[in-house]
Amino acid sequence: MDDDMRELYQEVILDHGKNPRNFRQPEDANCEARGNNPLCGDQLTVYLKVDEGRLIRDAAFEGRGCAISMASASMMTQIVCGKTVSQVQSLFDKFHKLCTGEMEEFPQDEFTDDMEKLRVMSGVRRFPMRVKCATLSWHTMNAAASGHNETTTE
Amino acid sequence: MDATLSNIDLERSSYDVDAIRAEFPILASEFNGYPLTFLDSGASAQKPECVLRCMDDVYRRSYANVHRGAYALSQAATDYYEGARKTVARYLNARSDDEIVFTQNVTAAINLVAHSYGRNFLERGDEVIISQMEHHANIVPWQLLRDEIGIELKVAPIDEAGNLLLDQLAEMFSHKTKLVSLTHVSNVLGTIVPIKKVIDLAHERDIPVLIDGAQGIVHTRVDVQDLDAEFYAFTGHKLYGPSGIGVLYGKKDLLNTMPPYQGGGDMIERVTFEKTTYRDAPARFEAGTPPIVEAAGLAAAIDYVDGIGMENISSHEQELLNYATERLNEVDGITIYGEAQHKAGIISFTLDKVHPHDIATIVDSRGVSVRAGHHCAQPLMDWYGVAATTRASFGMYSNKQDVDALVDGIKYVKEIFS
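If you read the sequences in order, they're chains Y and W. Quick note, the first sequence lines up with residues 1 to 154 if you use my numbering. Quick note, the second sequence lines up with residues 1 to 418 if you use my numbering.
Just so you know, these hints were derived from the structure itself, not from any lab. You may find that some hints are simply not true.
Just so you have them, the derived chain W footprint on chain Y, three or more residues with Cβ under 8 Å [as the list claims (entries may be wrong)]:
id	stretch
1	7–14
2	56–69
3	78–91
4	122–135
The structure displayed is predicted, hence computed values, not measured ones. All residues carry an ideal CB built from backbone N, CA and C; glycine is no exception.
Extracted from the complex, chain Y is given alone in its bound form:
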């Protein structure tokens, strides 16, 4: 069990949790959504700057939550920047499967490098109650990119 704990709370996660990247509200963001986990009351807002070609130029977030949710949001903002909305939607699908343990190995494709980075989050698969902590920011980003302003993990 201690191994599972160490896998869940890897250095990378603790680092992103303590010092989240892109923790800010960009002035020129044109998409934003609020994510809410009614189970624990955690909330975050994801901001995106999406250009006419549906390319994400900037991604940032603000909010409060556990180490897992802060780290996941932080890593997400780094990864989605420079990708198109449809690319990040495919990536979200893979990330979701990684977190729930539905898929452990992913085929070689354009997302291979990103998935390798995101693999540090896969420790949540052994903690079903915590999967939503890892996916809240992605759900919220997805809502923002799709033009919805509110989302919950329910």
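With chain Y's structure known, arrange chain W on it following the hints.
Chain W in isolation, oriented as in the chain Y frame:
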């Protein structure tokens, strides 16, 4: 530190916590390779052997629907169900069994009062007073009523330690105040509210009072005649009984002026398509097949609690609370929420730089079950300016080792986050 002193205190009492623990089968189990340290009794308590056996026996030997058949088995089940009502009435010192309405839980009991009493005796502009430290179950039903008929919801303040500010509450009373609905014990802070004083103050102005006893019934002895509240609600599963059954105590004359909440079988005198007449309380509030076996289980739980004595349970929990407060205060970075003068066995805290969910997951890996989150009391969390806390809550079976395991778990959290 005073750990030795607390040791002696715990040993000195005649309370045999080991014997009690032996009655709760689940406490012998292991989780994640560690013995179970169950510190979430405030959410739902574990069940003693006698409750499990009683419910199993009723299903095996005495089960049929109640109040129906002219056959022996239905009579046997009815005896269990109505016998449970007598047990509850006796335990609460109610004047009559008819003052005990079985509901699904406290939430259902409060909704019953909000619908039946609220819709019929309150009108636009009338005020219901609650407090800052209510559970959502004693907030949302009144908001629904507010949105429906236009009542005002007023919130009595607390101080930083979590004491209800009685003087300020009394000043809120006006000719428009039609109900005070108040928790007995805060599920987050552990505050034991001096409800007797509140009830007396309210009664000076002829204002009826509903007490949410979800936590109160578990930690204190409740005598409804002494308290004199119009309504007192509690739930079975926190009192070592099954889930799915709760109790609304109500003064008989008042209950009989209230219209039914839900319609159906068992609550009627005579039904025609033109007109239906209703039975007196409690039957008029118990439409449909009730939680028969759950009632029997609740009665078994009450008998068990009564056998040990609520006063003994309370003082055991009090010693544990003092011990836990001391031990948690030894840990750097811990902040305890709720330092009221009178507290029950509930302790909420935060740890610097670590979110309560991370704490709960990590201590769980050492077999320790604690609650993390807003505890269905978001307005209270907002008032303290925190999103969530970690909460340890004790039951009659909790012991010093449980507290030690929690403190060790928190040290492990700090190790991971260091």
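How the hints compare with the structure:
no., hint, verdict
1, 7–14, "holds (count 3)"
2, 56–69, "holds (count 5)"
3, 78–91, "violated (count 0)"
4, 122–135, "holds (count 4)"
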